[in-house]
Amino acid sequence: MAVRLTVNGRERTVEVENDTPLLWVVRDELGLKGTKFGCGMGLCGACTVHLNGQPVRSCSTPVEMAEGAEVVTIEGLATDGDLHPLQRAWVEHGVPQCGYCQSGQIMSAAHLLQNSRSPSREDIVAAVSGNLCRCGTYSRIVAAVESVVENRADQSGHGEA
Amino acid sequence: MTLNRRDFLKVTAGASGGLVFSLSLPGCAGVQTGYDEKSGDWKPDAWLELTTDDKVYFTLARVEMGQGTYTGLTTLIAEELEVAPAGIQPRFAPVASEYRNPLYKLQLTGGSTSMATSWQPLRVAGASARIMLIRAAASVWEVNPEECRAADGRVVHPDGSRSLPYGKLVELAAKQMVPDDPALKPREEWQYIGKKRGRLDAEAKSTGAPIYGIDVELEGMVYAVVSRPPRYGGRVRSFDDSAARTMPGVLDIFEIERGIAVVADKYWRARKAQDALSIEWDNSDALALSDEQVFTSYHKAADEDRGESERSEGDYNDAVESAEWVVEASYEQPYLAHATLEPMNATAWYRDSAIDVWAPTQAPDLGRIAAARVTDLSPDDVTIHTTFLGGGFGRRLTNDYIEEASAVAFRVGKPVKLIWSREEDTRHDLYRPAMLHRMQASVSGGQLTGWHHQIVGPQILDWYVRNAAPAQYPWAPKFLYNTLGRVGLMAEGIATPKDHSAIEGAIEYPYRVPNLDIRHTHTDPGVPVSWWRSVGFSHNGFAVETFMDELAYELGQDPYQFRRSLIDHEPRHLEVLDRAVRLSQWHDGAQEGRARGIALFRSFGTYVAQVVEASVEAGEIRVHKVVCAVDCGQVVNPDIVRDQIEGGVIFGLTAALYGNITFRDGQVQQSNFHDYPLMRHDQRPDVVVDIVDSEESPTGVGEPGVPPVIPALGNALFALTGRRQRRLPLKAQV
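These protein sequence lines map, in sequence, to chains E and F.
Counted from 1, the first sequence has number 89 at position 89 by the working numbering; the numbering is strictly sequential.
Whatever position you read off the second sequence (first residue = 1), add 1000 for the working numbering.
I should point out that these hints are in silico values taken from the structure, not numbers from a laboratory.
Hints may be right or wrong, so weigh each one.
[Stated by the list, open to error] Quick list of the computed label-pair ranges, beta carbon to beta carbon:
no., chain 1, residue 1, chain 2, residue 2, range
1, E, S60, F, G1233, 28 to 36 Å
2, E, E64, F, G1233, 35 to 43 Å
3, E, N52, F, D1036, 51 to 59 Å
4, F, E1219, E, S60, 26 to 34 Å
5, F, E1219, E, E64, 48 to 56 Å
6, F, G1034, E, D19, 54 to 62 Å
7, F, E1203, E, N52, 22 to 30 Å
8, E, A143, F, G1040, 45 to 53 Å
9, F, D1665, E, M1, 21 to 29 Å
10, F, S1242, E, D19, 17 to 25 Å
11, E, A143, F, Q1669, 49 to 57 Å
12, F, Q1293, E, T79, 43 to 51 Å
13, F, T1246, E, A143, 30 to 38 Å
14, F, E1203, E, N115, 22 to 30 Å
[Said to hold, decoys possible] Derived DMTMM-like pairs: lysine to aspartate or glutamate, alpha-carbon spacing no greater than 20 Å straight-line:
no., chain 1, residue 1, chain 2, residue 2
15, F, K1266, E, E29
16, F, K1414, E, D19
17, F, K1414, F, D1693
18, F, K1625, E, E122
19, F, K1478, F, D1376
20, F, K1266, E, E122
21, F, K1195, F, D1693
[To be verified] So, partial list: chain F residues that the calculated Cβ filter (under 7 Å) puts toward chain E:
no., residue
22, A1151
23, Q1191
24, F1673
Each residue gets a CB set at the ideal place from its N, CA and C atoms; glycine is no exception.
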């Protein structure tokens, strides 16, 4: 069947079976490889994307659930070539080791920051606790998110980070 | 003047004391070095290429799986070449003898050896190129090269007013004499080594760049999945693919050595067709064991065979006979899966009598053998393209996924991407072996007089040698592969190194005890095993450092003071032990409801002491804080040392708290992260890493953070509960 969806602001139509996980549509039909396959059961978070503004596990989201929806992937975070503040913080804090889980970590954190102006450490940990990292980069992930939150506080009144 | 670049390689090899072997071996792909008349580009050695438009390419012979080689090794080149690390473009090495790991005579990344083995040769490579560039510039200016200097990719004139970029000098530099013994920059002049600098791959990994094996995309590519025997050693008896063949997108279904391959135009279609397969397995030679049999068989083996002596000092039997007191304990540790977050995968394309394989592999030369084994091709017909690895931890030293992808591609004749599911990845791993440790110590006059350690379990080389031996002798005809594998084992210590995988970390027992008896009883239940982050150290660390803790309590001593009193002859051990104690304020004790445990362990040349603070809350073990003191010699990138030690702590705690692969009727019972859990964000302790400032040669940091944290946590739980746990994983209630 043909499924229409908007991915990173672009309208796309894909011809796939409607039970195809959104993950494989994004990766193989649309060529956006930043969203990762980790477990196929929504257990590791490597495949996290935003579906109508909500973080979802694309490995266990059939594409039919994305019909007509807005999907944002890691490739859609940067604007006009400028990295998202979280991506800059990830680089500055040297977060990634193998890096494979980091798209999912960033997408979970990005959703938190869209919905909370100044989340606490507990909020941050709760937002990313469904994202596994086998390399153990957890402390830097939290530090990187906190740095973006602090930066926002410093620039309060100067628009969204 | 004609320069023999291979001679240059030999010079650098000599200076390093490593990089031996095989420059003239037939059948080895050679690395072309030298000057390219057409492009004007210059390859002074196997690692560097400088172009006329000022680009510097660095061939990275060790893969990047998160441990930081991409940044760390590039830093060594940058320092001596006088180019900022970010100005150097690393490229993953093709298979060639020049890129072998000198410790293993194989092109593999493992054993925390990359920095230790690259430290000298890569700096020499960078320095040689720099000196030749300086001499080239000096010849242009007709000045004394000694008075010129290199800085930031340029050679600066003695008067400081002029400079020439490297790109303008490569043609002339290629004609300079190769320096025999290039002087390396003194420590005081280092700009990059030892300084805090970010990772060169951080941006690519924060923006979703398609850099991993699973991201490879080729025109006309199709997808494959493989159904493997659920029990190790099983075979296909028969299969019915009639339903699967009618499913959309299915291109072919056929048997390969390792199972039934389903090829389809899309991954999801291949998966769905796989579900429609009906396969009958022949389990006549398959693994039949269930979990309790593993340790039952180990105890039986230990009773029947004291094992081979691996280290003996004094007379342990005498010590026991004259002892006032003998303390005993035995420890059981389970099989563990690697659980890299990127599942096993490879992409292969057979065309024009040759095969290209794109794969996240820790051992590309073994990957060539793997592809050759399952096709009609020879290793020379196989080109391995190494990608970034979404985790390795030893799993990707075995190239079973390359075998599968190659076997399928050889038949399909199109680019084929093979992806394992998480369930397949968990159930068809090669595991950290389950091990039994029997410990005994003799005590007289309040002093430890004897130490006996009997290690019981398999050796990893038994499982690994099949592809490793042919990779060491790539000119050998394929019909000899199996023989080579067996000969390699029989000639252990000659053709292959002695297998330390069971005993490492036990035979280096560092404490002062007059009588030592350390043995290995070799027994193998038939479960495939492999290297797993920190390998033998992972289980020997638990055995040695838990038993040391037990002895401290038995003798009524503080666990820190007990260790300290027996290791004051080892200054590097002592330093990290004292530091961890100071930093954790050990003597003040933990806060109410918590307790602390300590462990000290050297692995891969790196000394680590850790203090763990833990509690049991709401029926779960809670790890609050881990203080680490680390001596890894000269630090090349402090930020990476920290992240590796911290990552090792999380990896070790995951094993200590959850790691348990079990079998029922020969089948692995775990499948995904719900029943093989990894430590999560909300379970993470605070980790503090203190690094000793050292000028000793650098040693590895990818693995040494793992071993001590497992006993340190167990020791903390003993301090908390008064109950000693001698079997992993640890439980909140015992």
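Hint-by-hint comparison with the structure:
1. E:S60 <-> F:G1233: 28 to 36 Å: holds (33 Å)
2. E:E64 <-> F:G1233: 35 to 43 Å: holds (42 Å)
3. E:N52 <-> F:D1036: 51 to 59 Å: holds (54 Å)
4. F:E1219 <-> E:S60: 26 to 34 Å: Cβ of F:E1219 to Cβ of E:S60: about 30 Å, so the range 26 to 34 Å holds.
5. F:E1219 <-> E:E64: 48 to 56 Å: Taking Cβ atoms as reference, F:E1219 and E:E64 lie about 29 Å apart, which means the hint is violated.
6. F:G1034 <-> E:D19: 54 to 62 Å: Between F:G1034 and E:D19, where Cβ atoms are some 56 Å apart, the hint holds.
7. F:E1203 <-> E:N52: 22 to 30 Å: holds (29 Å)
8. E:A143 <-> F:G1040: 45 to 53 Å: Since the Cβ atoms of E:A143 and F:G1040 sit about 46 Å apart, the hinted range of 45 to 53 Å holds.
9. F:D1665 <-> E:M1: 21 to 29 Å: violated (42 Å)
10. F:S1242 <-> E:D19: 17 to 25 Å: holds (22 Å)
11. E:A143 <-> F:Q1669: 49 to 57 Å: With Cβ atoms ~37 Å apart, the hint is violated.
12. F:Q1293 <-> E:T79: 43 to 51 Å: Violated, at about 59 Å.
13. F:T1246 <-> E:A143: 30 to 38 Å: violated (53 Å)
14. F:E1203 <-> E:N115: 22 to 30 Å: At roughly 26 Å between Cβ atoms, E:N115 and F:E1203 fall inside 22 to 30 Å, so the hint holds.
15. F:K1266 <-> E:E29: Cα-Cα ~9 Å, so holds.
16. F:K1414 <-> E:D19: Distance of about 26 Å is beyond 20 Å: violated.
17. F:K1414 <-> F:D1693: violated (54 Å)
18. F:K1625 <-> E:E122: With a Cα-Cα distance of about 17 Å, the restraint between F:K1625 and E:E122 holds, given a limit of 20 Å.
19. F:K1478 <-> F:D1376: Since the Cα atoms of F:K1478 and F:D1376 sit roughly 9 Å apart, the hinted pair holds (cutoff 20 Å).
20. F:K1266 <-> E:E122: violated (41 Å)
21. F:K1195 <-> F:D1693: With Cα atoms ~12 Å apart, F:K1195 and F:D1693 stay inside 20 Å; holds.
22. A1151: violated (26 Å)
23. Q1191: violated (19 Å)
24. F1673: At about 4 Å, which falls below the 7 Å cut-off, the nearest Cβ of chain E leaves the hint on F:F1673 intact, so it holds.
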